[in-house]
Amino acid sequence: MNRLKSTTIAESRPEPHPRRLDRGRPPDVWPALLAFIIVALFWEVAVRLSHTPAYLIPLPSAILARAVTDLPTLLPDALVTLGEALGGLFIASVVALSAALVMSRYTWAERALFPLAVAVKVTPMVAVAPLLVIWLGFGPSPKLIVAALLSYFPILSNAMTGFRSVNPRALEFLRSLDASSFEILRMIRVPHALPYLFSAYKVSTTLSVIGAVVAEWVGADRGLGHAIILANANFDMTSLAAGVLVLALLGIGLYLLVAVFERQFLFWHESVLSTEVYQ
Amino acid sequence: MLIQPPSTPPFAATDLPGSATPRAIDVRHVSKSFHDANSVFEAVHDVNLQVDRGRFMSVIGLSGCGKSTLLRIVGGLIEPTEGSITIDGLPPKAAQKQKSIGFVFQDAALLPWLTVVENVEVSLQVNQRANRPRPRGTDELLDLVGLLRFRNAFPHQLSGGMQQRVALARALVHYPSILLMDEPFGALDELTRAFMRYELLRIATRTGKTVLLVTHSIAEAVVLSDEVVVLAGPPGHVREVVSIDLPRPRDESIERSPEFLAYASLLRGVLKLS
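Top to bottom, those sequences are chains A and B.
Read in our numbering, the first sequence has 206 at position 206, and its numbers run on one by one without any break.
Read in our numbering, the second sequence has 122 at position 122, and its numbers run on one by one without any break.
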C-alpha cells in the first residue's frame with residue numbers, strides 16, 4: 001500500500017532521478033529452483049521405492065551426475081545447438097519484423113501474406129525437416145531454417161499487433177507537427193510494440209531450440225539433438241536424459257535472458273509496474 | 001525560480017513580417033460529412049470563426065455536437081468537406097509543416113518510456129527542419145507549467161493534472177502560433193479541474209498565445225475566454241457568439257462576480273435552446 005501511494009502521489013516529494021536501466025529488478029529465481037528440487041525429490045523417491053530399472057526411468061541424481069561427467073562432450077554439443085537456434089531466431093526476426101512492418105502498414109499486404117504465414121506455421125516441421133535435409137544436406141542450413149520456421153510466427157503476429165497498438169492521441173499529436181512516417185515508427189510504434197515483442201521472444205527463443213533439435217534428429221553429426229538420438233539408439237536412458245537436461249537448461253537460459261531484458265526495458269509498462277505496486 | 005517580466009511574452013510566436021497580418025485562425029464556411037457504406041453523417045455545417053492573434057476563444061456545446069471534429073479540422077487532422085481554414089494565412093497542412101500548431105487532447109497521451117523533459121521535447125525531435133530558434137529553454141517552460149521539480153520523473157509517477165501540464169508544455173515548446181485544446185481538463189476530477197482552469201489562464205496570459213479551446217464547462221469558457229462560441233448540433237453549427245467583456249487580469253474571484261454569473265446563465269440558456 002505504501003508503495004502504491006509513493007508511486008502515484010508524487011506532488012509531495014521531490015523526484016529522485018531514476019536511471020532507466022536500474023529500474024527493472026532481476027526476476028527472483030529461488031521459488032522456481034525450490035519447485036524444481038521438490039519435483040526431482042519426489043521423482044527420486046518414487047523411482048527408488050518402486051525399483052524401476054534405469055533403462056525405463058533414470059534417477060534424477062544419476063542424470064545430474066551423468067550430465068556433469070559428460071559435460072566435456074555435452075557442452076560443445078550445446079553450443080552447436082545454441083548457435084543453430086540463435087541463427088534461426090535471427091533469420092526469423094529479420095523476416096517476421098520486416099513482414100510485420102509492411103503488413104501493419106498496408107491492409108492488402110496483410111490480407112495477401114498472413115494466410116500464407118499461417119499455412120506455413122501449421123505445417124508440421126517434423127514432417128518437413130527430412131525434406132530440408134535431403135535438399136540442403138547435413139550442414140547447418142536445414143537446422144537454421146527449421147529453427148526459423150518454428151519461431152517466426154509469434155514474432156510476426158505480436159509485432160503486427162504491437163506496431164498498431166499506438167495511443168491514437170499520441171499519433172494525432174505527432175501528425176499535427178508533420179512528423180514523418182519514419183519518425184512516428186521510431187518514436188511511438190516501435191516502443192509501443194516492445195511489450196508484445198518481449199512476449200513473442202519468450203515463446204520464440206524456446207521454439208527455436210526445439211527447431212534446431214528436430215532438424216538435428218533428422219540428420220546431424222553434432223549438437224544436442226544428435227547426442228540425444230545417439231543415446232536413444234544405445235538404450236542409454238541416463239545419457240539421453242542428461243542431454244535433455246542440458247537442452248532444458250539452454251531453453252530456460254534463453255527465456256530468462258528475455259525476461260531480464262523485458263524488465264529492464266519495460267519499466268514503464270503496466271506489466272512491470274503492476275508487480276511493483278502489489279508486492 | 002523567479003523570472004523577470006520579459007519584454008515580449010515568453011513562448012509567443014514571433015510576428016510574421018508583412019504589413020497586413022492575417023488572422024491567427026480564420027475558418028470560413030466549413031462543413032464536414034462522414035460517409036459510410038450506405039449513409040452520410042454531417043458532423044459540422046457551415047461554421048465561420050475568426051480569432052485574432054493573442055485572443056482566447058472557447059467553443060462550447062453538448063456532447064457529440066461536432067466541436068471536437070471542428071477542432072481537428074482547424075488543426076489539419078481532418079479534411080473538411082467544404083470551406084477553408086487558414087492559420088496565420090496558411091492552410092492547416094502548411095501550418096503543420098511549419099509547426100505552427102500546438103495540440104492538447106483530453107488524454108495527455110504522454111509516452112510512458114520517456115521522462116517529463118523528454119516528453120516535452122518530443123515536439124522538437126520530429127520534423128526538425130521546421131524548428132524555430134528558441135529564446136527560452138525547456139526548463140524555463142517546465143517552470144512556467146510548475147513541473148521543473150519533476151523534469152526527470154516518468155509519466156506513471158505523475159497525477160492526471162500534472163500529466164496534462166506536461167502535455168501543455170509539449171504543445172508550447174516548439175513556439176506554435178496557435179494552441180488547440182480539446183477538452184484538456186475533461187478527464188480530471190472537479191477540484192483539479194477548477195485549479196487547472198486558473199493555471200491555464202496564467203499560462204495563456206504569460207505566453208500571449210492564440211488559443212482555441214473546446215470544452216463543455218461553462219465556467220471554464222467564461223473565465224478563460226475573450227469570446228465564447230456556442231455550437232449546436234449535430235450537425236455542428238454556430239448558435240451564438242458571446243463576447244466576454246470581463247476585465248483582465250482575471251483571477252479566482254471572478255467566479256463570484258455578478259458579471260460572471262450573468263454570462264454563465266446567458267450561456268446556459270443558449271445551450272438549453274440547442
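No wet-lab data here; the hints were simulated from the structure.
Here a beta-carbon is modelled for each residue, glycine too, at the ideal position from N, C-alpha and C.
Possibly wrong hints are sitting among the right ones.
Which chain A residues face chain B? A few, computed with CB under 7 angstroms, are given here [said to hold, decoys possible]: (1) A40; (2) E172; (3) L177; (4) E183; (5) P191.
Taking the hints in turn, this is what the structure says about them:
Hint status for A40 of chain A: violated, given a least beta-carbon distance of 41 angstroms to chain B, over 7 angstroms. Hint status for E172 of chain A: holds, given a least beta-carbon distance of 6 angstroms to chain B, under 7 angstroms. The closest approach between the C-beta of L177 of chain A and any C-beta of chain B is roughly 5 angstroms, which is under the 7 angstroms cut-off, so the hint is satisfied. The beta carbon of E183 of chain A is positioned within 7 angstroms of a beta carbon in chain B (closest approach about 5 angstroms), and the interface hint is therefore held.
Against a cut-off of 7 angstroms between C-beta atoms, the interface hint on P191 of chain A holds, since the closest Cβ of chain B lies about 5 angstroms away.
Going through the hint list in order, the structure does not satisfy hint 1, though it satisfies all others.
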